[in-house]
Amino acid sequence: MSDIQEICETMSILIEGRIFGLICLAIIMLAVVYYIQRAKTGKVPAVRRVPGIDAIDEAIGRAVEMGRPVFCSHGISNMRAATYGPQTIAGLGVLSHVAAKCAEVGARLIVPVRQPEVWPVAADIVETAYKVAGKQDEYSFDDVKFLSPAQFGYSSSYLGLMMRERAGANIMVGAYWAESLQLAETGNRVGAMQISGTANQHQLAFFVVATDYCLIGEEIFAASAYVTGEIALLSSLAGQDVGRFLGVILMILGALMITFGSDALINLLGW
Amino acid sequence: MSEALRRIEIPIVITILCTLLQIIPFYINVPPLEAASDTFRSWMILVATCSTFIGAITLIMIHSKTIQKQSKGWYYSAIMIIFMAAITLTGLPIPEAGLGDTNTVFDFLFKNIYTPLGSTMYSIIAFFITSAAYRAFRARNIEAGLVLLSGLLMICKNAPITTSLWPGFVTIGDWIFDVPNMSTMRAIIIGSALGAIALAVRTLLGMERGYLRGGGEE
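Same order as they appear, the protein sequences are chains X and B. For the first sequence, the positions run 1 to 271 when the numbering used here is used. For the second sequence, the positions run 1 to 218 when the numbering used here is used.
To be clear, the hints were calculated from the coordinates, so they are not data collected in a lab. Each hint should be verified, as a subset may be incorrect.
In silico DSS-like links for lysine-lysine, alpha-carbon gap of 30 Å or less [to be verified]:
| id | chain 1 | residue 1 | chain 2 | residue 2 |
| --- | --- | --- | --- | --- |
| 1 | X | LYS131 | B | LYS69 |
| 2 | B | LYS65 | X | LYS135 |
| 3 | B | LYS157 | X | LYS135 |
| 4 | X | LYS135 | B | LYS69 |
| 5 | B | LYS65 | X | LYS131 |
Cβ-to-Cβ under 7 Å is the rule here; a few derived chain X residues that face chain B [said to hold, decoys possible]:
| id | residue |
| --- | --- |
| 6 | TYR139 |
| 7 | SER140 |
| 8 | GLN203 |
Yeah, the Cβ is synthetic: ideal placement off N, Cα and C, and Gly gets one too.
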C-alpha cells in the first residue's frame, strides 16, 4: 500500500479524489485573505489598469452628450449556476457602478434581464443607486426590463430595444452564449459605445471583434473590486497570482515528469 | 417593510451560509452537512420556481401600462399578453380538462410559433458573423493581420474546395485549433477559475457587496 493511500485512509473524512483540489483551493483562498489583510497594514500591491473598466465612465458620458440611454446587462445566466453564476454576480457588481454613475450624471439606464430570479436583485441595485444619489424620482421601474426567459426571446427583445431607443452605450458583462454577437453587432449598428466582458471563452472572440472594449475572463471578476477602488478589494486580486504561480509550477513539473516517464503528479492530482 | 429586515447584513449572512453548505460537503464527508446541503438545494429550486411568477407579473405590469397609455407600438404589447395568456392557460398541467402539453392549441403555438422563432433568431447569427468578420478581418496592425491570416486558414481548412485543392490546409487548421487556440482557451479558463475563487473569498468575507444594492444602505 502506498503512503498516499495510507494517508487517505487515516483521513477518511476527506473525500478521495478531491483532496489535492481542496489543498489548492485552500492555498489560493488563504493567499487572497493574506493580501487583503496585508493591504490593511498599508502594503498595497500594484494593480494594472483595465482599459475596459476605465472606459465605462466615458461611455456613459458619451451617451449623456448624445441624449441617448445607457444599456447595461449582466448576462443570461442565473446566480445559482455553479459555473456561470459567479459571472452574473460579477455583472451585477458592474451594474451597481453603472447605475450609480448614471444616477449621478442623469443618464437614462435600461437594464434588460433574462432570469426572473435575477430581476429583483437588478431592480434593487438600480433603485438604491438612484436613492443614494438623491434622485429617486428619476428611477423608472419600467427600465429594469424582464424580457423573456427564452434565450432568443431575450435577444430579439434586447435587439429591438436597442434599435428603438438608439442606445448610446451598451455595457454587457456576464455569461453570454449565442446571443453575444447579435447584441454586439446591433449595438455597433446603432452607434453605441460598447464594453463587453465574459468568461465564456467561446463567445470572447465575438465580443473582441464587435465591441470597443472587452473584459477577458478573470477581468470580469476583478471589475466589481476595481470599480469600488477599495484597497482591500483590489489587493485580493494579487492573491490570484499565487494560484497562477501554482498552476504554472504544476504545468512545468507535470510536463517534465511525464517526459521522464513518471506519473506521480497525475496520481497526486487524483488524490 | 421593517427596517431590520432590510439590513444588508441579512443577505450577506444567508450568502455565506449557503456558500459554505455547498463547498464543505463537496470536499469533506460529514453526512449531516450533506443532508443540510441537499435541503438547501431543494429550497433553492423552490425559490427559483417561485421567481417565475415575478417574471410573469413584471411582464404584465409593464406591457399593461404600455397598452393603457397607448404608447408607440402598444399593439405589440397586446399581442404579447394575448399569446402569453393563451400559452399559459392551454399549458396548465390539467390533462383531465384537455390542458397541458398535449393540448392542440398549446402544441400549435409551441411547434409553429415559438420553435420557428427561436430557430430564426439562432440562424441569423450567420449574417451577424459576416458583418463582424468584415470589420475584424481588416489588417490594420500586426495583431489584426494575424487574426485575418488565422481566420483565412481556418476557412480554407473547413471549405471542401480548398482542402481538395491542397490537403495541407487541414494540417495547418488542426494545428491552429489544437495548439494556439487550445492553449489560449485553457489560459482563460484557469484565469477565470482563479478570478471566481477570489470573488468567492470576497463574498465569504462579506466584502463583495456590488450585487447587494450596490453595497450601500439606502
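Query raised in the report: Which of the stated hints cannot be reconciled with the structure, identified by number in ascending sequence?
Result: 3, 6, 7, 8
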